[in-house]
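Student: Residues per chain, in single letters:
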Amino acid sequence: MGEIKKIDEVYQTLLKLEKRNRDGVSAQELSKELKADRANISRYLNELCRSNKLKKIKGRPVLYCSNKARKTEDTPAKIVSSFDDLVGARYSLARPIQQAKAAILYPPRGLHTLLLGETGVGKSMFAGLMHRFAIESKTIREDAPFIQFNCADYADNPQLVMAQIFGVKKGAYTGATQDREGLLKKADGGILFLDEVHRLSPQGQEMLFTYIDKGYFRPLGETEKRVTADVQIIAATTEDPESYLLGTFIRRIPMTITLPSLKDRGLEERYCLVYNFLKEESKRVGRSIYINRNSLISFLLYDCPNNIGQLSSDIQLACARAFLNYKTGNKKYLLISQADLPGHVKKGLMKLHKYREEIESLLQDKGDVLHFSPEDDRQEIRPEVKGTRFFYDIIEEKLNSLRQIDMDEDKINEILNIDIESHFQKHLENLPAVIRKEEIRKVVDEEVANTVDKILSLAAKKLKRSFDEKIYFGLALHLQKSIERISNGDKIYHPELNHIRASHADEFMVAMEAARIIDNKFGIETPLDEIGYLTMFLIKNPYKTRDKVQKKVAVFVIMHGNSTASSMVEVANKLIGTDHAIPLDMPLNMNPEEIFELALKEVNKLERSSSVILLVDMGSLTNFGEMLAEKTGREVKTIDMVSTPVVIDVCRKAVLGQDINEIYRSCRGNRYSPKLNVSQVKAVRSRQKNAIITTCFTGEGAAEKLKEVIEKELPAGSNCEVLPLNILNKEHYLAALKEYKEYYNIIAVVGTVEVEQEGLPFISAVELLSGEGLNYLKRVITELDVYSRIKESLKEHIKVLDSEKLVEDVRQGIINIEEALKLRVPAEVKVGIVLHMSFLIEKLKKGIKETEFPELKEFRDSYQKEMALIKKALVRIEKNYSITISENELAYLCKMFTRNQISGSTGGEGIEDDYAGLLGRDVDQPVSE
Amino acid sequence: MKTIMLVCSAGMSTSLLVNKIKAIVSKKGLEVNIIAASEAEAKSYQGRIDVLLLGPQVKFLLKKMEDLMTPQGTKVAVINSLSYGTLDGEAVLKQALELL
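The listed protein sequences derive, respectively, from chains G and S. In terms of this note's numbering, the first sequence is residues 1 to 929. In terms of this note's numbering, the second sequence is residues 930 to 1029.
Simulated from the structure, these hints should not be mistaken for lab results. Please note that a few of the clues may not be correct.
No farther apart than 30 Å at their CA atoms in a straight line, the calculated lysine-lysine pairs in the DSSO-like style are these [unchecked claim]:
#1 G:K846 <-> S:K988
#2 G:K795 <-> S:K972
#3 S:K949 <-> G:K843
#4 G:K778 <-> S:K1023
#5 G:K741 <-> G:K631
#6 S:K992 <-> S:K951
#7 G:K795 <-> G:K846
#8 G:K805 <-> S:K949
#9 S:K992 <-> G:K857
#10 S:K949 <-> G:K795
#11 S:K1004 <-> G:K895
#12 G:K895 <-> S:K956
#13 G:K778 <-> G:K843
#14 S:K988 <-> G:K895
#15 S:K988 <-> G:K865
#16 G:K843 <-> S:K1023
#17 G:K799 <-> G:K879
#18 S:K993 <-> G:K822
#19 G:K871 <-> S:K988
#20 G:K347 <-> S:K988
#21 S:K993 <-> G:K865
#22 S:K972 <-> G:K849
#23 G:K895 <-> S:K993
#24 G:K805 <-> S:K972
#25 S:K993 <-> G:K347
#26 S:K988 <-> G:K795
Same shape as in the complex, but just chain S (with noise of 0.2 Å):
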């Protein structure tokens, strides 16, 4: 089982995006865990993770992030503006399972 965490500021627009991503991996029978957390959660979730994807807005987390996460085996990075604007699911996921 793989975990995919989403990360945005206040946990606010991440979530709607999780939502769409759960039901595709759901639909695809993926053995994958999404979830979403807010910048200040993400710190407690170091090494339980395999995917960490930043919402642009939280662009200045990447570096923090690399640091942190890194040297536990997972990997970071921003999401895709576009799919994160148009909350496109299925993009993200694929950006996602390209990391794993």
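If we strip away everything but chain G, and leave its shape as in the complex, we get (with noise of 0.2 Å):
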């Protein structure tokens, strides 16, 4: 009895929810609705089904639909069929898709088709679904055949070609013993698909033809009796529809359809197929697959023209590469790298910078490495759901997802491992919020910590902001010191106190609130000064508060190419509503002089005060700053390797008002790691001691943490000293960071907020705690130390010259080199370089003569541009030391550079240092310039 009740409550459920859902209903969405178990629900809604009540639509989920809710609307194109489960069903197949079902459905029996496109688009797996919607929408019987026949199978004998179509009568030709049936009859009563059609004989075609128009045909050698036969026949070729070849069928068969090339499908389904196969190769294997993002990104952009045919055995090759490794115990999973990638696959990643935001969007909610499993089914991938989702997020998701197919929690341990490893290696700015707590815990109290959530949650809903991971940091280190301060009885003071009370009584008044809530938590009673420097890490932008209005900085863009420029800036500055970008053009036959010489004219005009932005492509022009700088007097800051989103965000910010540093450092912010290049530290004084300055507000708390940190990993015994600071008062903290500069060569300014500094590296106290701010520390230490101790042993050998700025000079001229040819040699080969300029430039200026370069003619021809380049990188040298490199030197400088050269070089770590082991072997290096 309660059998029947549960019965028709969910059938009436089902009636209600339809309502909303007219696709259909799942049976989650019942037991959601029921608050029953799913299990039960599926038992009934198959015994609904059954007595005819309800009716199943195929797909995944499985819906259920009232059969009176179907009735109504019965057209054609609603029968659900295997065709919807096909990638791009509602995008690029989508018409192909109508036009097969109309073909399909079209009364009586179909139309004819003809079936264009590549090869490997999937034209026979196409048919093969016709066939299938055939039988799902009742047009053939569940049985009716579907015949497959290649026409180039027996192309070199068209007659052979005709008696397996069309069959045979005996005594037709020799060896034609007895009568044949041909596969247009067998197709009776259902589809013969006819692949690369055109390559039917001229006799077979018309014979082809006679079919379609008339519905009979006669087998090779009949004369008299006609084979009629219900056939829908589905041709396919790859010949351009245009070519005079296909002009007759295309005549004669009534539906053309055209399927898309790989390259006309878009990225999106280009993913959700590769997804695919993927899995099904995890199925085949059995286990999961993992691929990283590189790899995949590969197998997005690589050039394909074999279309999905290829790109389906390319993935299947990739995962048996994998699988051999993984097989063999040299990997422990099953995990796709690029090593594992055919090397025509491999090159799809340097397309990535054409691509980039495309493939950002796409795998923005995806690890660095993706994970396939054979056991869930769940789809993952569906483009038009996209969104911003956390790492944590995700990972969560993962966990989850993970536990509900019972993986055990070692596994599903070192799996989310993987994710978050090659997570960490991204760029800081992604530095996502679960780690954050992670890294400061290193350094804070768990109290503290918890505290400062406390602190900025009610301070983001009170002041209606967000506050950064900067900030988080920032007042965590601080409120660890201060604390402490406050237990001990230390005094604090705070100098701008009765104007930061003044000038931003809403942050004071959050301030105030914070304080009640760390003594509260802690016991203490924060005092007024205290609560001063609170205030200040709410504020928006602390060193705003009393600078003046800034003249708007100038932006010149100059790119190489004839209208580069100008369409960048013409986007920017409709976009802003401005005319303020100004484009140069350098059309390559223009030399830079020249485009110097205009450059040099359009800033002569602007105010006097004003200054200057540049935004170049590369080569020549990255110089051009400094050179306008010194011929105008005026602050000239350059922005190499621009794209156009950051000529947007540059105008943007110069229109702003924003003052020119803080423009230059938040573009220089988003390539942190590139930019922090030890090749680029400057050039300092052996005997001068290195400095590390860490600061805060007060000098005292972040700054003194920071500080102990810092210590705590450098090299034992490395020639350098950690000051604390405090950037209360910016003038002040200039003023003293001058100071320090007398005595010290300062290596890097570590602090929680960010101030204007001069050409030298911030690191944020994030940057530093991750680990990456610690290692460039480490790195650059490690390097002086090196160098001071060359100066040191070459002082007892070269003794015509001052060693030490020898050593300087040759340093800045292999900078000065690397920069030209745009690429970094390793240091280790930087210290024998250093050592063999240093020993050639004493060699000539004793006069001793030049060492002669074997083949020297062959090898200028093919090096003829680099050695140009080196000996304008060397001028200076040749002029303070009045000596000329020969070229047989230049020979032997130019091959230590090139050969030498970290591959993909200009750039710094993360995915371009994938791009460099990438680029090691079997790709060929990208042309640059």
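Could you fit the two chains together into a complex? Lean on the hints.
Tutor: Following this line, the structure appears as structure tokens:
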């Protein structure tokens, strides 16, 4: 009795839900609505289907609808079919599918169809689906035949092809000893698929057309008897539809369907295809397949002229290689990485710059390693669903889904660790919320961290503003120390307290509340001065408070190419609604001197005090900034490798009246790693002591804490001091910094809040604690140590010159050469080159004959440009030492730089490093300039 | 008698290092022969040397030299850059002897 009631309840609920979801209702929805077990619901649903009250709709998830609902909209297009599972069914394949359905449903027995499309677009599969649809739509019987024949199979024997298709009468030719039925007859009641139909002989074509027009044919050798067959022909060809050959087919076959090639199907669909193939492979091997992000990107972007067929086989190849590595124990997981990809696939990654935005939005909520498991059938990728999700959410979700499939905890951990580790190597600005606490807890008590959480969420609510990582870190570090100080009874003094109170009343009020939270938590009494400091963390731009209104920074865009700069500027100006940015195009035949003169003229038109930001692409243009600054006495900053979004961003900030350094830094900030290049550390005197400055508002809180962290990590015996400094007052801070510069070689400033500081790398607390900042500092200090030892040792050997100055000049020369050639050589190689060049200069200075370079002429022919660039980069050395570096010597240098270069080396860490490995062997170097 | 060869691009900076090592070798009375060569000359020594050390600036020769020399039993390596940069004959000799 209960059973019957329940089943009715399910039915009624379905009818109710159906009104909302016209497509149908899933068991899941019903179980949620009825708060009942899904398995039971499914059982009822199946029963209802059997009693013909409900209809099942194929798909995932399976949907159910009442027979009532379906009847009212029983239009042909509504028949749910296997077509709908195709990738791109609602996008690039929407029209072909619509045509195919029409061709099948056209009364009485469908239209003969010509399928066009390049090799590998999936014509055979599509024909197969048409057959299935014909069955699904009950146009043909359940057991209706689907016969496939490739006309190219016997193309050198046209007679045989015709015999295959149309059949043979006994005695039609020698060897035809009995009547034989053709495929056309065998396909009676169903579909005959003729692939590569253009390979059919003219006679065969004529016979086919006769059948198409009249519905009957004659087997070979048959003169009287006509054979009739009820067959729908689907003919396929790769021929260009414009070709003469196809003209007749298109005229005489009523329906023509063109399947798009892979490159016309867009990245989202390609992504789904790759996804499905990997999924299939994982089912095939019966275990999870992982693929790293770059390999996935390669699959999305490489030239794939043979379309889906090729994509599928290339993926299979990569899976097979990865499987091998896994089986042989080289890898712990079945992980597809660059090394497993066929060479032509790897090249795909080199197109990333063209599609970066699209790829990023496509993969934005994916980790650096993607996972495909044979069991998990959840369709993870739906092109229409897009959204930014935090790393944490992704991990959480993965965790849940992995648990659902009953994977054991250890394995889940391992999997998530892969995700997490690779995520860590990503850019710092993406530092996810979940990790920040781990990091901060290395140096700050958990209670302090939690309090900061509370304070910032309070402030965010009250001030209607969000606070970034830097503030979080800064405040946490600050609070840790100041709580200690207050507990110890140390005095806290804020010299600008009254100014802060007056000009930031809102923030001050919030800081008062924050102080109460702190007091309650730690049992202290926060003094008013400390509340002044807390206020400063909550102010939007602590240093903007007293700045005068600045003149707008002029923005020049200078690019190689006839109209590159103009078109970028046009976009930027249009979007911002100004004409602020000024383009200067540099056609390839224009020499750098000419464009420099043009730029100089433009800059001179500006108001006297305006500063200038140059946005350039590459090459000699990157040096214009310094030259312009020298010639005009203005402040000029250059940002290279500029893309349109950068132009827009810089232009917007300039129009808003932001300070030149602020704009420059914000651009640089996006590319933290590449810019923190050890080779760019300025040359220093060896006896000078190195120093790292740590900063915070007080100079005693976070700055002290950061000092502890750095000192603990510095290599033993390194010649480096850490000096804490307060940044409460910007002028005082800059003055103190200047003084330090007199005595120390300052390597970097590490702090909680960034203050404009000329020419010094800034490392934020978050960067430092995440490891990247520390690594940078260690690298720089090690290198400085090495060079000071080289200088000491050279002193014994090079007597005629000041070895200290010599080594510094040579180092600078090396940096210049690296920049001119747009490459980098490893640090160890650089040491060798320093020595080589030092002795070279000494030798030339002494007037000793140059060393001959074997086969100089041949070498020069291939490296003329590089040699000229090196010569130019060493002009200053030649001048200062009054020497001439000959072609022989240039050739040696050229070889050292070009052969030792770290490939793909203009970039920094991260993805570019992966590039480096990639570009090593079997891929061409990208052409620069 | 073992032979150690140092190679740099033009044979210029290594010759100094070779002289330093030679001095150490004779002082210690070691049975070791030290020579310096340029890239071009190096090939002609194929099969006649026990250790070949490359200046860091010609690191790019490593693969080529290994292919050429290793089958003849020669050990090939790049000189530690700090030892090279400070022209530390003692350290370079040690590196070479450890390879033997």
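Student: For every hint, state whether the structure bears it out.
Tutor: Comparing the hints with the structure gives:
1. G:K846 <-> S:K988: holds, 28 Å
2. G:K795 <-> S:K972: At roughly 33 Å apart (the allowed maximum being 30 Å), S:K972 and G:K795 break the hint.
3. S:K949 <-> G:K843: This hinted pair holds, its Cα atoms lying about 19 Å apart.
4. G:K778 <-> S:K1023: This hinted pair holds, its Cα atoms lying about 27 Å apart.
5. G:K741 <-> G:K631: Judged against 30 Å, a Cα distance of about 26 Å means the pair holds.
6. S:K992 <-> S:K951: Distance of about 27 Å is within 30 Å: holds.
7. G:K795 <-> G:K846: Given pair G:K795, G:K846 holds - Cα atoms ~16 Å apart, limit 30 Å.
8. G:K805 <-> S:K949: holds, 24 Å
9. S:K992 <-> G:K857: Given pair S:K992, G:K857 holds - Cα atoms ~25 Å apart, limit 30 Å.
10. S:K949 <-> G:K795: Measuring from Cα to Cα gives roughly 15 Å; hence the hint holds.
11. S:K1004 <-> G:K895: holds, 24 Å
12. G:K895 <-> S:K956: Distance ~37 Å between G:K895 and S:K956 Cα, so the pair is violated.
13. G:K778 <-> G:K843: violated, 34 Å
14. S:K988 <-> G:K895: Given pair S:K988, G:K895 holds - Cα atoms ~11 Å apart, limit 30 Å.
15. S:K988 <-> G:K865: holds, 23 Å
16. G:K843 <-> S:K1023: holds, 29 Å
17. G:K799 <-> G:K879: Holds, at roughly 20 Å.
18. S:K993 <-> G:K822: Given pair S:K993, G:K822 holds - Cα atoms ~25 Å apart, limit 30 Å.
19. G:K871 <-> S:K988: The given pair, whose Cα atoms are some 22 Å apart, holds under the 30 Å limit.
20. G:K347 <-> S:K988: Judged against 30 Å, a Cα distance of about 27 Å means the pair holds.
21. S:K993 <-> G:K865: It holds: about 26 Å lies between the C-alpha atoms, which stays within 30 Å.
22. S:K972 <-> G:K849: Holds. S:K972 to G:K849 sits at ~24 Å (cutoff 30 Å).
23. G:K895 <-> S:K993: holds, 14 Å
24. G:K805 <-> S:K972: Violated, because 36 Å separates the two Cα atoms, which is more than 30 Å.
25. S:K993 <-> G:K347: Holds. S:K993 to G:K347 sits at ~26 Å (cutoff 30 Å).
26. S:K988 <-> G:K795: Distance ~25 Å between S:K988 and G:K795 Cα, so the pair holds.
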